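Undergrad: Okay, here's what each chain looks like letter by letter:
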Amino acid sequence: MTLEYVRTADAPLLPAPASAAGFWARMRERFAPTPISGVGTVIIGALLVWAVWTILQWAVFSAVWSAENREPCNVAGAGACWPFVKAKALQWVYGFYPIEERWRANVVFLLGGLSMLGLLVPRIPYKGWNALFFFVIYPIISYVLLTGGRFGLEAVGTEQWGGLLVTLIVAVTGIVASVPLGILLALGRRSEMPVVRTLCTAFIEIVRGVPLITVLFMASVMFPLFMPPGINPDKLLKALIGVALFSAAYMAETVRGGLQAIPKGQYEASMAVGLSYWRTMLLVVMPQALKIVIPGIVNSFISLFKDTSLVSIIGIFDLFNMVQSGFNDATWASAQTGNTGYFALAIIYWVFCFAMSRYSQFIERRLNTGYKR
Amino acid sequence: MSNSAITMQSVNKWYGQFHVLRDINLDVKKGERIVICGPSGSGKSTMIRCINRLEEHQKGDIIVDGIPLTANVKNIDDVRREVGMVFQHFNLFPHLTVLENLTLAPMWVRKQPKAQAEENAMKFLTRVKIPEQALKYPGQLSGGQQQRVAIARALCMNPKVMLFDEPTSALDPEMIKEVLDVMVDLAQGGMTMLCVTHEMAFARQVANRVIFMDQGQIVEQNEPEAFFNNPQSPRTKKFLEQILH
Chain R
6 MTLEYVRTAD APLLPAPASA AGFWARMRER FAPTPISGVG TVIIGALLVW AVWTILQWAV
66 FSAVWSAENR EPCNVAGAGA CWPFVKAKAL QWVYGFYPIE ERWRANVVFL LGGLSMLGLL
126 VPRIPYKGWN ALFFFVIYPI ISYVLLTGGR FGLEAVGTEQ WGGLLVTLIV AVTGIVASVP
186 LGILLALGRR SEMPVVRTLC TAFIEIVRGV PLITVLFMAS VMFPLFMPPG INPDKLLKAL
246 IGVALFSAAY MAETVRGGLQ AIPKGQYEAS MAVGLSYWRT MLLVVMPQAL KIVIPGIVNS
306 FISLFKDTSL VSIIGIFDLF NMVQSGFNDA TWASAQTGNT GYFALAIIYW VFCFAMSRYS
366 QFIERRLNTG YKR
Chain Y
-9 MSNSAITMQS VNKWYGQFHV LRDINLDVKK GERIVICGPS GSGKSTMIRC INRLEEHQKG
51 DIIVDGIPLT ANVKNIDDVR REVGMVFQHF NLFPHLTVLE NLTLAPMWVR KQPKAQAEEN
111 AMKFLTRVKI PEQALKYPGQ LSGGQQQRVA IARALCMNPK VMLFDEPTSA LDPEMIKEVL
171 DVMVDLAQGG MTMLCVTHEM AFARQVANRV IFMDQGQIVE QNEPEAFFNN PQSPRTKKFL
231 EQILH
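Each protein sequence line maps, in turn, to chains R and Y.
Heads up, the first sequence is in our numbering, so the first residue is 6 and it goes up one at a time.
Heads up, the second sequence is in our numbering, so the first residue is -9 and it goes up one at a time.
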């Protein structure tokens, strides 16, 4: 028996045995690590197959694919009524925007889509100019183009706007406005100046404590009562402001969460090298805080995007309202029209929200600098 | 021009009712290297953090490079430009590369053009012996490398005084030397330095003066040899016995 031991040769580095790394081992670990979870896999798998089959049955196999009117959709056993979607698609996109003026909405879509692409894809250069265009010039162009009444363009009142156009206008305005407002409110709430702090806190707590529907009703019904007669801002404009302020309150709390996660040492280091309060915030604190709360921010964006459907309550024909109003069209009213419309609606909303979600994950990975502490 | 880099006269500070700094009087000559030691909670960090106004003192005067530290924001900014600081936990900016960490303040505070700031930054990175890490992020470096970057970041502002707040306390033992080497190099270059540290070998090697603090007061100060070999105050003796075993 001796305690003395000296290693003279390194132990060999071996590949992992097949039972730990092979295909079947991995399958087993994923789907049936224990008998009970194996049973669970089978039950959930069966439910999944049943659900997918039911949806496919309705949406594809027994669906009606071509029709001039509701007749083929209105028979017993018929599935989704896709011709209804086809017949209404353009209205879903443009609302009641005059048909011969729809090119104006198309230009707005195209410019918005292109400049957003330019902003969101990291490889595309000229981010600064692009941002200037998207945040300053583009809103002006869009406003002039869509409302008309200038440069020989026929005036189109906002009551004629509708569909996806309005949904995107409300959502993009809300998203773009809520971030800077939310950041300012969050900084204000953490400010050492009592008046600023109280005002910001009061705003956040009041707006957050009220349902969006109430905010929209107040904006459209009660607000004019307090204004002098004859002054009644546009209904869509009021909805835009209501949605932006509402989401700013939520954004403020999300951003504040990120600010609280930044260690005091970051502020101290920044001040110690001589950076002022605003530069510390802009260059050191915010980039880190916002990165931490990307999931929360995108959560707000997604919920805002879907909440735009609430503007239908005050009589704005956004995508949701537009789709719904088509159900009463005598040409298309059938047992499956409503189901089909809501199904299509769900897919459209889902595509936008899922895209936002995936993009945020991409950005999170890209911004990961491997810092841990 | 006076010969003092920092003057503290009857400085007092309270946290609520707790008297953290009690009648601190200290005069730091230009080029002087001072090591401050003392038990935890003795006010060492608070004292050097008052020098660049990370902490506010309530009574007494602090004058840094001829500028009195008052509530005047301009004076505070001026002082911070002249005083570099190195923290226990490095406090590098994790979202920026090493090079960007170094050029941020020179570009925004000193308004240096990017090329000049980067050239200067590379000079100091070479001086702390990690020029090859310039494009990495702090999270990819070891603790010792991060602390050397932090020192280089402070140097990039060409400070007249460097404050070190326990720069090696958060490091693994094998990384302490690489940081101390850089600090010794800096000391030999004539930098005015105030170091809160328990690295007594470092104190013996570079300090002109060692200060012992306890309960918010300066209890004893002396040249390193006399301080370590012949401490006068019983509190100093007890402290040295504990840390030197």
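Please keep in mind that the hints were generated in silico from the structure rather than gathered at the bench.
Hints are not guaranteed to be accurate.
In silico DSSO-like links for lysine-lysine, alpha-carbon gap of 27 angstroms or less [unchecked claim]:
| id | chain 1 | residue 1 | chain 2 | residue 2 |
| --- | --- | --- | --- | --- |
| 1 | R | K296 | Y | K104 |
| 2 | R | K269 | R | K91 |
| 3 | Y | K64 | R | K269 |
| 4 | R | K296 | Y | K64 |
As the structure is a computational prediction, the values presented were derived from the model and not from experiment.
Undergrad: Next step is simple, just say for each hint if it's right about the structure.
TA: Each hint tested on the structure:
no.	hint	in the structure
1	R:K296 to Y:K104	holds, 25 angstroms
2	R:K269 to R:K91	violated, 57 angstroms
3	Y:K64 to R:K269	holds, 23 angstroms
4	R:K296 to Y:K64	violated, 32 angstroms
In the structure shown, a violation is registered for the earlier hints numbered 2 and 4, in ascending order.
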